[in-house]
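Protein chains in written order, with my numbering: chain A, 75 to 433; chain B, 4 to 331; chain C, 5 to 345.
These are computed hints drawn from the structure, not numbers from a lab.
C-beta atoms are modelled at their ideal positions from N, C-alpha and C, and glycine is treated no differently.
A portion of the hints provided could be inaccurate.
Unchecked claim - Reference excerpt, derived from the structure (chain C facing chain A, CB under 7 Å, subset only):
no., residue
1, A12
2, T14
3, P68
4, I69
5, G117
6, F136
7, H139
8, A312
9, A313
10, R319
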Amino acid sequence: MLPPIARSEQLSQLATMLRIRRFEEALIELAATHDVGHFHVYVGQEATGVPALALLGDGDVTYTTHRNHGHLIARGVDPARMLAEILGRSSGTNGGKGGTLHLASTAHGFPTTSSSVGGPLPIAVGSAFAFRELGLDRVSVCLFGDGALEEGAWHEAANIAALRQLPVIFLCENNSLEALGQKANEYPSSTLASARLVDLVTPFGIPTSVVDGTDAAAVHEAMTAAIERARGGGGPTFLEAQTVRWPGSRPLWPQLVTGRTEVPFAWDEAGIPEAHRTWIGGQDALLRYVRELVAAGVAHEDVVALDEAASAEMDAAVAFALESPFPATSAAYADVFGDPRVNAAVGPRPVGRPAAAEA
Amino acid sequence: MEATYAEGMARGLRESLADDPRVFLMGQYFFGLTRHRSLTVELREAFPDRVWDPPIAEVGYVGTGIGAAISGLRPIVDVATASFIFQAFSQVVNEAANIRYMTGGQTAVPLVIHINHGVRGGGAAQHSHSPQAMLMNTPGLQIVTPSTPRDVRGLIRAAVESDDPVIWADHVRLFDVTGELPDEPETIPLGVADVKRRGRDVTIVATSLMVQRALAAAESLAADGIDAEVVDPRTIVPLDRVAILESVGRTHRLVVVDECHRSCGVGAEIAAIVAEEAFDELRAPIRRVVTEDVPIPFSRPLEEAVEPNEAKIVAAVRSIVEARRPVG
Amino acid sequence: MTAGAEVATTELRTIDAIREALRAELAADDAVVILGEDVTVGGPFGATKGLAEAFGEDRVRNTPISEGTVVGLAVGAAAMGLRPIVEIMFIDFATLAMDQLINHAAKLRYMSGGQLSIPLTIRVQGGASGAFGAHHSQSLEAWFAHVPGLKVVAASTPADAYGLLRAAIADPDPVIVIEHRALYWGRGPVDTTEAGIVPIGRAVVRRPGRDVTLLSYSRMAQTALEAAERLATDGIEAEVIDLRSLQPLDVPTILDSVRRTRRAVVAHEAVVFGGLGAEIAATIGNELFDELAAPVERVGAPFAPVPAAPALEARYVPDAAAIADAARRAVGRASRNGRTA
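Given only the sequences and the hints, what does the whole structure look like? Please build it.
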């Protein structure tokens, strides 16, 4: 279903979903020839992040994980600067010091990305703690995968959030449906004794909601309620958005196993290759959203135009990233501390130990 | 006025809370279970909305402190007994220490983490840690180790004012130490050592409680005509190498006294720096008086055997002053 | 290897040598079990590939992403007589298990007055390689070397990867085995018999020399050999010592060498400040004060987290030129107070 918002906003969300998809596809292709480190993509989960994060306002913060690209684009970070960061260039969001695993953009509400499973959970709770103490009408959103519930940090963070009734939203993106995980030598999925994720939440008295993560309307509705609860002093909410794992995210390194997305397959079912009919024909959140828009009367040409714009933007982003210079290596020593005097006085010296004068 | 170390701590905390509405105490065991713990009650009464008693969840509340620091507070998180910082280690070393750097300078974490370190007497292996050595090997953390009422009060202020994470390590056995406390609030900057005793024959660099033991050792050495200088770096990171090297440049001999274990300890780093930078000045080997490489035993005589004490400091000094008196 | 081959030495990649060591210990002792994320399919780098099929999933077990509890579980199992090998996917995530490692694994023998033995092996891999960034690239050996009750080893060759791992598994106390992922694919001869076991606590001289001693381990030991080659072209004969065991350190071997060369450089990939180099420099400085002709040089990473960008990562990790420069400084140095030439 489509979220109950103006058609122009629905189309704007489609544009964002298309931009995320084309970004990830461009990245997978780039990774074949460039050193980007281990990376994770958001293909198939666009209908969760885009409608959910569209509901946030200025000042609200988002903590995310190694699967962070879609979240940053959804909140307006420039994909060109993200790609530059992922390629280790000086024009990257973090000046090359973070890479894919640690993308951050404070101007867009991303203070830091932790790639330690479960790591961001208590930190997101801490931002909510500060908002409450400072009297700020803001919410803190923590996005994480089902695996994070295996860490002890979840229980400590949930307990504190519930005790203090903090304005934090735990948005668990459970992308393990139909994932075969390690048994099939694929990217791991969660291994929890609890049959339902929410059974790890309800003992804390935190309200829960489980939605189909490919249903933008369901995500919109659940997130709207969670944000209202947080802003109204009602405390934390746990949302579980369930998605089927994209076949390209099953290998340890993402691969375009279903090919580059063909948007016309949303209305041209006959053209779908038989090998990927299940994914393309039913499970792909992006194509589902397109189908719903088309059913609501949006013209094919308008969808194609948005897609072409997204592809063109990513072509330019790739060019920008590749043309961007690598950082001066002296940057490796900056930003350890904010006060440059402390940086200088700390004493530990760069490789090979220059003279004592530095002390 | 004359005050105890614990009163210096309380003053520093109270002044920080009064001067900056962003300061927030997360924890209630700043004074451990000592007789001074009522000082926390007074703080709580003065600032009832700015003291939080978190659950027993080190990962949870240290992470909460990090997030709160990112989003506008200046939290002082109390982990209490230093041994428990290992419960929260992922948050301390992977998150707090790295965030400014990983984000290319975008996000600051102005967080103070308080620990009570060291051999407290009967704490045995799980309540006697001095984790400063492991933390100093973690770029992004600053570490303060006060030794007097005045220093703890002034260093608390600097720690709270810093835009980066600070580990504030107290020693429970310092709480009853008395000393001068100025009437007016003061900030003691990070990275500035203090010469606690002037001397010409040997430099003793000591940290935290070991400063008090080094001063006692210096007194007994003085009775034998050995004039020891005691230098207190006050902060391990940043480390005031200049002051240490300046002192060694005059005395030409060094003993380092620190309560971390020997292997890869704080003492090793200070000894290595001086051995490199003051190679030509040294007239004797650098001695380390540190906790031996065993877990801390419970029984009192065993505990005293493995920790640094006044007698070991005196012996170390004698080994490099008397044995090597004639030099070229 | 061919079936039933009696040949002692075979050419293996490091990752295969690790697997063969695991296989040998699994075969030798039913108490040996492997625990870790995805270990039944080999883990992220294939170290345990095929072992679940060979020994069953009772002995090669997948775990949830719960580092602290998995290490705690292994401590308890070790106390009851198993010999667990825990694979922590990245050394950085050992930070999630520090309470169990430091407060429990390292101390239970001592705290219990010798009643308990914790024959636990922790396999971790790390090092800055492949643009993994600050959460997947650290060199944290100094932390573990600082904790009484833990042993720490780090191999630089396939043979040592095999021999040290077998020694670690057989050891009655907890051993942290630090692997460098950039070394996994390098080949070398490995003696896959009992004779290939490398005792913990013994360094090895990789290259003899008389002018300066280069002390290193893990990947940097290879870099030190490269530096020695460069120095040889300048007529400087460097002795290269691969420490292999970081706790306990082989102090006699270190001192024997430096007593002869009177100059030393310690090189590691870890942060210099508070690193293993400090311990070695302090020890040499104390023991060989009169023999040293130059200060012990320390080469390592700057005081900064590991950057992600390949250009910055390359700058962060010391190279052979940096080690050679340090050695030249040591050799060119005028001796202390002009006392010795």
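Hint by hint, here is what the structure shows:
Taken as an interface hint, C/A12 does not check out: its beta carbon lies about 33 Å from the nearest beta carbon of chain A, beyond 7 Å. Nearest Cβ of chain A to the Cβ of C/T14: about 26 Å, over the 7 Å cut. The hint is violated. The interface hint given for C/P68 is met, as the beta carbon of that residue sits about 4 Å from the closest beta carbon of chain A, less than 7 Å. Interface hint status for C/I69: upheld, as the beta-carbon distance to the closest one in chain A is roughly 4 Å, under 7 Å.
With a least beta-carbon distance of about 30 Å to chain A, the hint placing C/G117 at the interface is violated under the 7 Å criterion. Hint status for C/F136 relative to chain A: holds, with the closest Cβ pair at about 5 Å, below 7 Å. Taking 7 Å as the C-beta cut-off, the interface hint given for C/H139 holds, the closest approach to chain A being about 5 Å. Using the Cβ-Cβ criterion of 7 Å, the hint placing C/A312 at the interface with chain A is satisfied: the shortest such distance is roughly 3 Å.
Here the hint on C/A313 is kept, as its CB sits about 3 Å from the closest CB of chain A, short of 7 Å. Given the 7 Å rule on beta carbons, the hint for C/R319 holds: about 4 Å separates it from the nearest Cβ of chain A.
Violated hints, listed in ascending order, are 1, 2 and 5; each of the other numbered hints is respected by the structure.
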